[in-house]
Amino acid sequence: MKEGSLAKAQRIKTAAAAAALAVFLVWAVATALVREARLLSSVSLAERRALLHVGLEDVYRASAREHYEMFTALRAHVPRDVRLVIYSHVSAEQRSDPLLGQDLKKRLTLLRGKLQALHFPAQVTPLAGDIENLEFFLDQLDPSYYVLNITPEIDFPGQARFDLVARGATFTLYRFREAG
Amino acid sequence: MGALTLFLVLATPWVIGCGALRLLGVRVLHDRVAYAGWAWLAGSLVTALLLCGWLLLGLPIDSFPSAARVVAAAAVLLLAWTWLRGRRTPPMAPPVARSGRLERLLFLAVVAACLALTVDRAVRANAAEVVLLGDEARIWASKAKAIYVSGGLNERFAALMAQEEIVLHQDYPLLNPLLQVWTFAHYGRVTDVENRWVIQASIAALLLVAAGALRRVARPLYAALFLLLLVTSHQLRVSTGLVEADGLVALGFLAALDLLARFEADGARRWWRLAALALAYLAWSKNEGTALALAVAVAFFILRLGRRLRGGQALRGSELLALLLPAGVVALHLLLNARFGFVNDITASDAAGSFAARALAHAGVHLRAAGAYAWEYAVRRPGETHLMFPLALVLLLLFPRRIGRLLPLFTLACGLALPGFLLVYLGTPHDIEWHLSWSIQRILFQLLPVVLVWVAAATQEIAAAAGCGATARPGSRTSGSCCPRAGA
Numbered sequence: 038m039k040e041g042s043l044a045k046a047q048r049i050k051t052a053a054a055a056a057a058l059a060v061f062l063v064w065a066v067a068t069a070l071v072r073e074a075r076l077l078s079s080v081s082l083a084e085r086r087a088l089l090h091v092g093l094e095d096v097y098r099a100s101a102r103e104h105y106e107m108f109t110a111l112r113a114h115v116p117r118d119v120r121l122v123i124y125s126h127v128s129a130e131q132r133s134d135p136l137l138g139q140d141l142k143k144r145l146t147l148l149r150g151k152l153q154a155l156h157f158p159a160q161v162t163p164l165a166g167d168i169e170n171l172e173f174f175l176d177q178l179d180p181s182y183y184v185l186n187i188t189p190e191i192d193f194p195g196q197a198r199f200d201l202v203a204r205g206a207t208f209t210l211y212r213f214r215e216a217g
Numbered sequence: 099m100g101a102l103t104l105f106l107v108l109a110t111p112w113v114i115g116c117g118a119l120r121l122l123g124v125r126v127l128h129d130r131v132a133y134a135g136w137a138w139l140a141g142s143l144v145t146a147l148l149l150c151g152w153l154l155l156g157l158p159i160d161s162f163p164s165a166a167r168v169v170a171a172a173a174v175l176l177l178a179w180t181w182l183r184g185r186r187t188p189p190m191a192p193p194v195a196r197s198g199r200l201e202r203l204l205f206l207a208v209v210a211a212c213l214a215l216t217v218d219r220a221v222r223a224n225a226a227e228v229v230l231l232g233d234e235a236r237i238w239a240s241k242a243k244a245i246y247v248s249g250g251l252n253e254r255f256a257a258l259m260a261q262e263e264i265v266l267h268q269d270y271p272l273l274n275p276l277l278q279v280w281t282f283a284h285y286g287r288v289t290d291v292e293n294r295w296v297i298q299a300s301i302a303a304l305l306l307v308a309a310g311a312l313r314r315v316a317r318p319l320y321a322a323l324f325l326l327l328l329v330t331s332h333q334l335r336v337s338t339g340l341v342e343a344d345g346l347v348a349l350g351f352l353a354a355l356d357l358l359a360r361f362e363a364d365g366a367r368r369w370w371r372l373a374a375l376a377l378a379y380l381a382w383s384k385n386e387g388t389a390l391a392l393a394v395a396v397a398f399f400i401l402r403l404g405r406r407l408r409g410g411q412a413l414r415g416s417e418l419l420a421l422l423l424p425a426g427v428v429a430l431h432l433l434l435n436a437r438f439g440f441v442n443d444i445t446a447s448d449a450a451g452s453f454a455a456r457a458l459a460h461a462g463v464h465l466r467a468a469g470a471y472a473w474e475y476a477v478r479r480p481g482e483t484h485l486m487f488p489l490a491l492v493l494l495l496l497f498p499r500r501i502g503r504l505l506p507l508f509t510l511a512c513g514l515a516l517p518g519f520l521l522v523y524l525g526t527p528h529d530i531e532w533h534l535s536w537s538i539q540r541i542l543f544q545l546l547p548v549v550l551v552w553v554a555a556a557t558q559e560i561a562a563a564a565g566c567g568a569t570a571r572p573g574s575r576t577s578g579s580c581c582p583r584a585g586a
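Taken in order, these protein sequences are the chains called S and R.
Letter 97 of the first sequence, counting from 1, is numbered 134 in our numbering, and no numbers are missing.
Letter 197 of the second sequence, counting from 1, is numbered 295 in our numbering, and no numbers are missing.
No lab work stands behind these hints, which were simulated from the structure alone.
C-beta: ideal position from N, C-alpha, C; glycine also.
It is possible that part of the hints are untrue.
Unchecked claim - Heads up, simulated SDA-like pairs for lysine to any residue below, C-alpha to C-alpha not over 25 Å straight-line:
hint	chain 1	residue 1	chain 2	residue 2
1	S	K142	R	P527
2	S	K142	R	G565
3	S	K142	R	Q261
4	S	K50	R	G565
5	S	K50	R	G502
6	S	K142	R	H267
7	S	K143	R	P527
8	S	K142	S	K50
9	S	K143	R	H533
10	S	K142	S	A129
11	S	K143	R	E263
12	S	K143	R	S537
13	S	K143	S	E130
14	S	K142	R	L266
15	S	K142	S	F173
16	S	K45	S	A56
17	S	K142	S	V80
18	S	K45	R	E227
19	S	K142	R	I530
20	S	K142	R	V492
21	S	K143	S	G205
Said to hold, decoys possible - Simulated DEER-style distance windows between Cβ atoms:
hint	chain 1	residue 1	chain 2	residue 2	range
22	R	L496	S	E73	42 to 50 Å
23	R	G469	S	R75	46 to 54 Å
24	R	V463	S	E73	35 to 43 Å
25	R	A207	S	L164	45 to 53 Å
26	R	W473	S	R75	24 to 32 Å
27	R	L465	S	S78	39 to 47 Å
28	R	L106	S	S78	43 to 51 Å
29	S	L201	R	G469	33 to 41 Å
30	S	R204	R	V463	47 to 55 Å
Unchecked claim - Over 12 Å on every C-beta distance to chain S, these chain R residues come out as not near it, computed from the model:
hint	residue
31	L203
32	L213
33	A223
34	Y246
35	V265
36	L323
37	A363
38	L413
39	P480
40	A556
Next up, chain R with everything else stripped away, as it sits in the complex (with noise of 0.2 Å):
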């Protein structure tokens, strides 16, 4: 009974996304690693949607597994029509760089153990400890616990919600309590273990997005090592353990960055509409996860500027639509925030001040402590990100202009995120050494599969050009280059 309820948990969801997939236009084919992480954040973000829909009308909440299997019904039929019409499967992707048999065989090898490692950590962390101190419990299940018990987002969530420390930072985006509320809807209860599993598994489609996205960009080999060093972060590994949000941050970050990418590369819409989707997740995942959405898409735009003034194509009308998925589902956080009174504590004045007072009063003491931190985490622990940071910094003063048109889109994202974090830390109300403490190294994990993706471009762009990367596939940009077309 409890491993059937659990699958259905996981099933139902994952279901439902390669639904929604197919209706984008997304196949296994146009990418056979990447797509079951596509799949399960394009159906746990449908869900929560649906469930948010549902809780808003009101509806039963326990109903509500059964009403979500009647969509994910609908999205086996719908594959199955497909499959059944026997329309042509669409052409992989080429690599990007040619490889042997058993080079690729490494690849997926790596993969598999990644995916078996991330579900055996998640099987010890469970057996280990209930949801019990810490953010997991104090902001993301209580929240979750919040909404189940009062039977949706009613007068009764008010009320509790307005108990003395019950839920801490009441005014986070509601995707992670919705999936863990999805959960207790199966159990029929509030649980304490069991609604890890929904979160846990936005670390497994993490960890097949960045495979998906390191294989775009460097040949298999080179893509194995780097997807050993994410899964081996020291952050992803404690992620793996908690119900906490960071895991779907990430997700949404790399997976929003490596459509767009795609898209820019092949043109193809598919890639628009999904990464709108991804947007919409991101948006949704956390706090940081709105403030990176924001800064994905005002990159993306700021490069379309640059190539519309070039004489490239515009975006069309449809395609600008896609973005209302996002911008929804902002505005719909922003208006639950409004209707229950929930505020910002970063962003709200206190007694020293508005934020930007606050900003410019403590400018100098807390970029001196940001800096500290960041030194600390991002070079001097090297288990904590592999040095990921400094590495990447490295190679773009090396190689500032071959290096720097690889992932535009990544790197003006990243440019931009980086300044807006420290603006936060800037104007925090706390006391800046426990607001960093408890902080950065969630921020670096959030940031370091993108910053993953860059690294391992640069190192194919650069073992290529050094003459010791794989052969180049036609039309590449550079001679000897195995990376994707500049703008990509």
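Extracted from the complex, chain S is given alone in its bound form (with noise of 0.2 Å):
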């Protein structure tokens, strides 16, 4: 007797667990696709059908979005092969305010992952400090580097040293001159 209602309840609990099982399933497989109906119909046909045909240099361009001009000009003036130093120059209220300064650095660092992965293996080394060990650094580097000023209004410390390469809305691009 009290087997037998141990197996009746095993059979209860059985059943039970199968129905749970099938109503989250029908859920869950539901909510799933209706997710993924929403975001393909988020791009038509047609738009599928042009992606097939995206040219490399759009992908690019979507890419780099406001720095492809300045990617475009280290493609066709840097060697991969160099140290680049992106310059920012650091305004009074970025060295007060610690919430400018570090959004700067973001911006900086930012940048630097992009060049780098876009230039590789040129080493991009972002600079954003005080002008005296900023010309200490530039000193200590190989000749062959080239300056990217990203707040081209401003001169950089020993610009005269350096031959303008490119220039664009946003930066300007210099080489070391060597000496002789």
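Now that you have both chains on their own, put them together as the hints suggest.
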């Protein structure tokens, strides 16, 4: 009698679990498919067909976004096995406000990552320190390096020792002029 | 020209893989769905190993594709010779559960839809952005680029890797970077988009292997539903657009467990040999993959020992020889890291002490944080893993004996892997919140296909026991059960 009721309880438990599992599976698959359908419908068939014919340069343009002009200048003028210094002037506000300073640091790190990926294996060094340190740092470098000034409205220290290579709306690109 | 090159990049390893499967004794009819996935796994591993040997010999990278095509041609000849000999094809493994033709067609349609969705995602991702930021650029692509522009694993490579922050996590295994180098060698230059395809192909292979594994443990309808859950999981979608290694880990982990389960089920050595290859693939995919390969091997030998004690057969010496491949791959990885001085950031000692000291010192805080993140991503965000982890736990608690015996190798391997990952979090030298926020989704994704197959097997078992599953095949373990025999 006891065994019989235990078996019955087991059967009820199994049937309840099977029903709950079925409901859960239907819910999980339905919500997943609805979400997927929404994602799929966000790109039309015409857009999908166009994606198959997207040119590589368009993908570079879309990826580099506001830095595309800078990237094309690098590709045209800068060998890949050199050091590239990204220079940014640090304003008085950026010096005094830690949040602004952090924001500048983040932007420089992001730009460094992008340029390093697109211009591998150039050594990309961001510099936004004080001017005395920058001059000291530049003096230590191998002569074959370039400076990308992303605050072009302000000259960087020692700019007279460099040749202008390219200029864009948001940058100037310089090459160190070797002695002699 | 571009399409033909891309075709060669993808077709050559796949054909080499078909040849490797033939040498191992695996044919299409053994599993029509999983075969193409296994071929990609085997072919990409063999190609990467050959390329690694090529580079260590100091041979020019750009001439490697020609040499690989010779290997692919040999594979084609082997396959043609086998076909012409007209040997009887092996019988197809009996389906786990009998099913109607319509149900089987539905399953195949879902598999095809999943593959089409993967190609669509890959095309969209590749048309949207080049490999530019994040781990795909700074860890995986940058290491591939460093190898390619250096011309191999040489002094120039060492000098390049010594540059500050040029490649992050330099100690990571080489499978992924070498597959990208394989692409670069075809194009004769570093590429920023095309190199994604060879990694994205592993996601397609994962879906095929998962489809085969699901079909082995559940009727076509359930297999189709669980495959849909896998393809719509958040991190699989993300991984399809990146050149990262988590798809490789997920593929290797599932393939190794599924193949070992097949070996345990029918004792055919082909599965054992292919499982050894999958273990090598897993161990060479990422550091997590190496840890998972160890978990799989330990779980397998624990279960084997149990069976041996109950009078089961021991592995033969010739079978143990197959383990030289994964062991050799791990040894190669360690030797190359030692040669170039690459160290692992997690296990290395720092100012806070050794790994063990850090783990003991931070255990409480890190354990709570890991628990909170696991809860967040496994439970509170259903789109991540479709609640499969808590569901597996609930099923195991409800039916510990019935479900626990279904796929013991899967259960034990996951049971060993989870504390292993937890240990990494306990001893991490990084800020725990930062570390978890970067990694927990990937860890869950690496385990998800295995957990899905496990839950599918449990669903089949419960449905059959409740009388709503498909008709059991003769000789199944439990009356009404459609799951493979215990031990598998």
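Against the structure, the hints come out as follows:
Under the criterion of a C-alpha separation no larger than 25 Å, the hint pairing S/K142 with R/P527 is consistent with the structure, at around 24 Å. For the hint pairing S/K142 with R/G565, the CA-to-CA distance comes to about 64 Å; that exceeds 25 Å, so the pair is violated. Proposed proximity of S/K142 and R/Q261 is supported: the alpha carbons are some 20 Å apart, at most 25 Å. The hinted pair formed by S/K50 and R/G565 meets the criterion: a straight-line CA distance of about 13 Å does not exceed 25 Å.
For the given pair, S/K50 sits about 17 Å from R/G502 by alpha-carbon distance, which is consistent with the 25 Å threshold. The straight-line distance between the Cα atoms of S/K142 and R/H267 is roughly 22 Å, inside the 25 Å bound, and the hint therefore holds. Of the supplied pair hints, the one linking S/K143 and R/P527 holds, its CA atoms being roughly 23 Å apart against a limit of 25 Å. Annotation: proposed proximity of S/K142 to S/K50 is violated, straight-line Cα distance about 60 Å (limit 25 Å).
Distance check on the hinted pair: S/K143 and R/H533 sit about 19 Å apart at the alpha-carbon level, within 25 Å; holds. Restraint check for S/K142 and S/A129: the C-alpha separation of about 15 Å stays at or below 25 Å, so the hint holds. A threshold of 25 Å between alpha carbons decides the hint, and for S/K143 with R/E263 the separation of about 16 Å falls inside it, so the pair holds. This hinted pair checks out: S/K143 and R/S537 have alpha carbons roughly 22 Å apart, not beyond 25 Å.
The suggested pairing of S/K143 with S/E130 holds, with an alpha-carbon distance near 16 Å, which does not exceed 25 Å. Proximity of S/K142 to R/L266 is assessed by CA-CA distance (about 19 Å); at most 25 Å being required, the pair is judged to hold. For a cut-off of 25 Å, the pair hint linking S/K142 to S/F173 stands: about 20 Å separates their Cα positions. Between S/K45 and S/A56, the direct Cα distance comes to roughly 16 Å. Compliance with the 25 Å bound is thereby established for this hinted pair.
Simply put, S/K142 and S/V80 have alpha-carbon atoms about 36 Å apart, too far for the 25 Å limit, and the pair is violated. Taken as a hint, the S/K45 and R/E227 pair is broken in the structure, with Cα atoms around 60 Å apart against an allowance of 25 Å. Taken as a hint, the S/K142 and R/I530 pair is honoured in the structure, with Cα atoms around 23 Å apart against an allowance of 25 Å. Taking the CA atoms of S/K142 and R/V492, the gap is near 47 Å; set against the 25 Å cutoff, the hint is violated.
Distance hint between S/K143 and S/G205 is fulfilled; the C-alpha atoms sit about 22 Å from each other, no more than 25 Å. Restraint check, R/L496 to S/E73: a C-beta distance of roughly 30 Å breaks the suggested window 42 to 50 Å. A hinted range of 46 to 54 Å for the beta carbons of R/G469 and S/R75 is inconsistent with their spacing of about 32 Å. Between R/V463 and S/E73 the CB atoms are about 38 Å apart, so this pair conforms to the stated range of 35 to 43 Å.
Between R/A207 and S/L164 the Cβ separation comes to about 58 Å, which falls outside the hinted range of 45 to 53 Å. Between R/W473 and S/R75 the Cβ separation comes to about 26 Å, which falls inside the hinted range of 24 to 32 Å. Between R/L465 and S/S78 the C-beta distance comes to about 43 Å, which sits within the given range of 39 to 47 Å. Taken as a hint, the range 43 to 51 Å is violated for the pair R/L106 and S/S78, whose Cβ atoms sit roughly 35 Å apart.
At roughly 57 Å, the beta carbons of S/L201 and R/G469 sit outside the given window of 33 to 41 Å. Taking the beta carbon of each, S/R204 and R/V463 are about 52 Å apart, inside 47 to 55 Å as hinted. Distance to chain S confirms R/L203 as a non-interface residue, since its nearest Cβ pair spans about 18 Å, more than 12 Å. With a minimum CB-CB distance of about 14 Å to chain S, R/L213 clears the 12 Å threshold, and the non-interface call stands.
Once the 12 Å rule is applied to beta carbons, R/A223 is inconsistent with being away from chain S; the minimum gap is 10 Å. Interface exclusion of R/Y246 from chain S breaks down, the closest Cβ pair being 9 Å apart, not more than 12 Å. Some Cβ of chain S comes within 12 Å of the Cβ of R/V265; the nearest lies about 9 Å off, and the non-interface call is violated. Distance check on R/L323: its Cβ comes as close as 5 Å (rounded) to a Cβ of chain S, failing to clear the 12 Å threshold; non-interface status is violated.
No beta-carbon of chain S is positioned within 12 Å of the beta-carbon of R/A363; the least distance is around 24 Å. The Cβ of R/L413 lies farther than 12 Å from every Cβ of chain S, with a closest approach of about 37 Å, so its non-interface assignment holds. Consistency note on R/P480: stated as away from chain S, yet its beta-carbon is not over 12 Å from all of that chain's, at 7 Å minimum. The claim that R/A556 lies off the interface is violated: its Cβ sits roughly 8 Å from the closest Cβ of chain S, which falls inside the 12 Å cut-off.
Hints 2, 8, 17, 18, 20, 22, 23, 25, 28, 29, 33, 34, 35, 36, 39, 40 from the list above are not met by this structure, while the remaining hints are.
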